[in-house]
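Following the hints, complete the assembly by docking chain H onto the known chain C.
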Amino acid sequence: MKPALRRAVLLGPATLWIGLFLVLPLTLMAYVSTLERGPSGGVLWDRHSADAYLQFLFERDLMDRLVLNTDYLHIFARSILLAGVTTLLTLAVGFPTALWMAFQSERLRLVLVFVVTVPFWTNILVRNYAWMLILRTGGTLDWLLTALHLPGPPLEILYTPWATGIGLTYSFLPYMILPIFVSLEKIDRRLIEAAYDLGADRWRVLARVILPLTAPGLAGGAILVFIPGLGAFISPELLGGAKSMMIGGLIQQQFGQSRNWPFGAALAFVLLAMVLLALWAHALRYRRERADE
Amino acid sequence: MIRRLILAATTALLLAAPADVQAQSKELLLFNWTNYMPPALLKRFEAETGIKVTLDTYDTNESMLAKLQAGGSGYDLVVPTGPTVKQMIHDGLLLKSDVQSMPNYKNIRAPFDKPEFDPAREYSAPYMWGTTGIAYDTAIAKEKLTDSWKEIFEPRPEFAGKLAMLSDMGEVFAAAAFYLGFDRCTDNPEQGQAILELLQRQKPAVKVYSASGTVDRMASGEVAMHQAWNGAFHRAQAKRATLAYIYPREGTNLWADNFVIPKGARNIDNAKLFINFMLDPKNAGEASNFTGYNNTITGSEALLTDALKADAAVNTPANMMGRLNLSRECPKTNLDLREKVWTRLQR
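Taken in sequence, the protein lines are chains C and H. Going by the working numbering, the letters in the first sequence line up with residues 1399 to 1691, in that order. Going by the working numbering, the letters in the second sequence line up with residues 21 to 367, in that order.
Certain hints may be false.
Computed beta-carbon distance windows for the label pairs [said to hold, decoys possible]:
#1 H:Lys352 to C:Ala1402: 55 to 63 angstroms
#2 C:Val1465 to H:Gly319: 57 to 65 angstroms
#3 H:Leu323 to C:Leu1523: 31 to 39 angstroms
#4 C:Phe1456 to H:Pro224: 52 to 60 angstroms
Taking lysine-lysine and the DSS-like style, the derived pairs with C-alpha atoms no more than 27 angstroms apart in a straight line are [said to hold, decoys possible]:
#5 C:Lys1641 to H:Lys106
#6 C:Lys1641 to H:Lys352
#7 H:Lys352 to H:Lys134
#8 H:Lys329 to H:Lys302
#9 H:Lys164 to H:Lys259
#10 H:Lys162 to H:Lys223
#11 H:Lys106 to H:Lys352
#12 C:Lys1641 to H:Lys360
#13 H:Lys360 to H:Lys63
#14 H:Lys87 to H:Lys360
#15 H:Lys223 to C:Lys1641
#16 H:Lys329 to H:Lys134
#17 H:Lys352 to H:Lys87
#18 H:Lys329 to H:Lys283
#19 C:Lys1641 to H:Lys87
Incomplete in silico selection of chain C near chain H, CB under 10 angstroms [claimed, not checked]:
#20 Gly1410
#21 Gly1436
#22 Glu1457
#23 Arg1476
#24 Arg1534
Hints were generated in silico from the structure; no laboratory data involved. Just so you know, even glycine gets a beta-carbon here, dropped at the ideal spot from N, CA and C.
For reference, chain C alone in the conformation it holds in the complex (with noise of 0.2 angstroms):
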């Protein structure tokens, strides 16, 4: 066989996976995003517009007039504070759970990586609706509180932010303690007994030896909550009583209720952007701290 066509031939199973499940849907969205909206839903596939883009800054006044509208603007910050929250709190509760695994039998090691799993054997909305029946006034928490005696029932939490924060906190979970878990295993012991013997205490061994030698782990762990908590979509509608809309709420009510698909499309594409200006953003700095080393 040619190289050429050993190439070609080598590289065609991965260029159609990527052109049929990425580049193609990707492409039709874009180009949704263009069209104009048709009058009851769908969209007029031979009428361009470049109206959904507007629609996300601008709307038409009385006078018809182009005024500023930061309705989505609102949402969008909405969602990134409460995906920035949901990091941070899985980063607080995901590193401790990773460092005790890891230091772990092996075989112990195993069984943990197994039961941290184990949530995604059911169905996402089933779990919200379980956290539901828990958090919802006269629900299995109150009733808990109750039985011990504890001071706070009914606490009423349900439908409100703290109950999405649960909510998500819990679901991504896993997305974070599995990165920071390998590459916390992957780390030398030796090092860390060389720390010891040099006299470091165990703060200073967390914070100079282990903590800088699963950056990536963390890196790769904000990354896998922080995007798809952009998007979120259930927690929010369950657990928050759908009362604050957020941009997976938001997108999901384009193509749902509102009938609007380009400027749904336009929604997921200006969402899009923003996590791929930002990775591109962490690259950089990666790179020049790379160089700089």
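Chain H in isolation, oriented as in the chain C frame:
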């Protein structure tokens, strides 16, 4: 001779077989509102006809339309409200179902046999009808509530933080419009602004916006007040006797849901069979006893439970009839306005 006969018979059978199989598909894909059809009734339909029913559910007309228009859903039967039926006919989304030629058509009670949205009943057959009002817990109220939308839009302190609104932009917008004395199909931006301000002032007192799970939410006492459909109220009251229903004096929504066959349906004959089945008094009565809503079928009255017959929220008393406004199709300018209001409310 005999051999030739057998051969001919076999050939005929073979030729006939595929056509036969096609005519007798044994499936029906039903797309209905949540909690809106007794499972036992579906079981009985399956037992009587041998047709397997697959039920899928939605919580607003809009989300149902969105799913149909995305294409390829393959549903054989959906249950839109009157104005949505009209819009679907207009948009060419429906197949004619010839309800008039069905044996049980005669059971449909006037005026439901000639509705404004489908006067000749070419496309649709009636299912349930009901009203939208306020359900509240009298055990929580410090005094008797008035019969006004004010009670939910400007709630008393004991209901603040304990009330729920339907997450149905049409219902919420209409209720606010009734309260403020506007037309429910208004497209006037200033009226839209007034509605938005009313809803924004109300929002801190709202615990949740949701149009599904309403029965359980009221029955469990999770909320003490709910913008509610009357059947949901009826079912919740069976579990929590202190609940009461208000027909707001400023006016409220009277709606009727209908079976229609969307284009793209694959089991049209089965869908028609099901429609005729549901027009039977016995089945309509059984459905009402489950959903808590009134149906439109003559002869089903005798089969209703006493609790249903006695409930003024279901059997609207004559003096309340004037408060009911039949829901109608709003112009697109109104849909745009109410969507803007809805998004800004949740921003």
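Tested hints:
1. In this structure the hint that H:Lys352 and C:Ala1402 lie 55 to 63 angstroms apart at CB holds, the actual value being about 57 angstroms.
2. For C:Val1465 and H:Gly319, the Cβ-Cβ distance of about 59 angstroms falls inside the hinted range of 57 to 65 angstroms, so the restraint holds.
3. A hinted range of 31 to 39 angstroms holds for the C-beta pair H:Leu323 and C:Leu1523, which are about 37 angstroms apart.
4. At about 29 angstroms, the beta-carbon gap between C:Phe1456 and H:Pro224 misses the expected band of 52 to 60 angstroms.
5. Simply put, C:Lys1641 and H:Lys106 have alpha-carbon atoms about 31 angstroms apart, too far for the 27 angstroms limit, and the pair is violated.
6. For a cut-off of 27 angstroms, the pair hint linking C:Lys1641 to H:Lys352 stands: about 25 angstroms separates their Cα positions.
7. Between the alpha carbons of H:Lys352 and H:Lys134 the distance comes to roughly 25 angstroms, so the proposed pair stays at or under 27 angstroms and holds.
8. Between H:Lys329 and H:Lys302, the direct Cα distance comes to roughly 16 angstroms. Compliance with the 27 angstroms bound is thereby established for this hinted pair.
9. Proposed proximity of H:Lys164 and H:Lys259 is supported: the alpha carbons are some 21 angstroms apart, at most 27 angstroms.
10. This hinted pair checks out: H:Lys162 and H:Lys223 have alpha carbons roughly 22 angstroms apart, not beyond 27 angstroms.
11. Simply put, H:Lys106 and H:Lys352 have alpha-carbon atoms about 13 angstroms apart, close enough for the 27 angstroms limit, and the pair holds.
12. Restraint check for C:Lys1641 and H:Lys360: the C-alpha separation of about 15 angstroms stays at or below 27 angstroms, so the hint holds.
13. The hinted pair formed by H:Lys360 and H:Lys63 fails the criterion: a straight-line CA distance of about 43 angstroms is larger than 27 angstroms.
14. The suggested pairing of H:Lys87 with H:Lys360 holds, with an alpha-carbon distance near 22 angstroms, which does not exceed 27 angstroms.
15. Of the pairs offered as hints, the one joining H:Lys223 and C:Lys1641 holds, with about 8 angstroms between alpha carbons and a cut-off of 27 angstroms not exceeded.
16. A hinted pair counts as satisfied when its Cα atoms are at most 27 angstroms apart, and H:Lys329 with H:Lys134 qualifies at roughly 25 angstroms.
17. This hinted pair checks out: H:Lys352 and H:Lys87 have alpha carbons roughly 19 angstroms apart, not beyond 27 angstroms.
18. Note on H:Lys329 and H:Lys283: the hinted pairing is violated, with a Cα-Cα distance of about 37 angstroms set against a maximum of 27 angstroms.
19. Note on C:Lys1641 and H:Lys87: the hinted pairing holds, with a Cα-Cα distance of about 23 angstroms set against a maximum of 27 angstroms.
20. Proximity of C:Gly1410 to chain H is violated relative to the hint, the smallest CB-CB distance being about 29 angstroms (cut-off 10 angstroms).
21. Checking C:Gly1436 against chain H by beta carbon gives a least distance of about 8 angstroms; that is within 10 angstroms, so the hint holds.
22. Hint on C:Glu1457 holds. Least Cβ distance to chain H is approximately 8 angstroms, under the 10 angstroms limit.
23. With its C-beta approaching chain H no nearer than about 8 angstroms, C:Arg1476 sits inside the 10 angstroms limit, and its interface hint holds.
24. At its closest, the beta carbon of C:Arg1534 sits 6 angstroms from a beta carbon of chain H; the interface hint therefore holds under the 10 angstroms criterion.
Checked against the numbered hints above, the structure breaks hints 4, 5, 13, 18, 20 and satisfies the rest.
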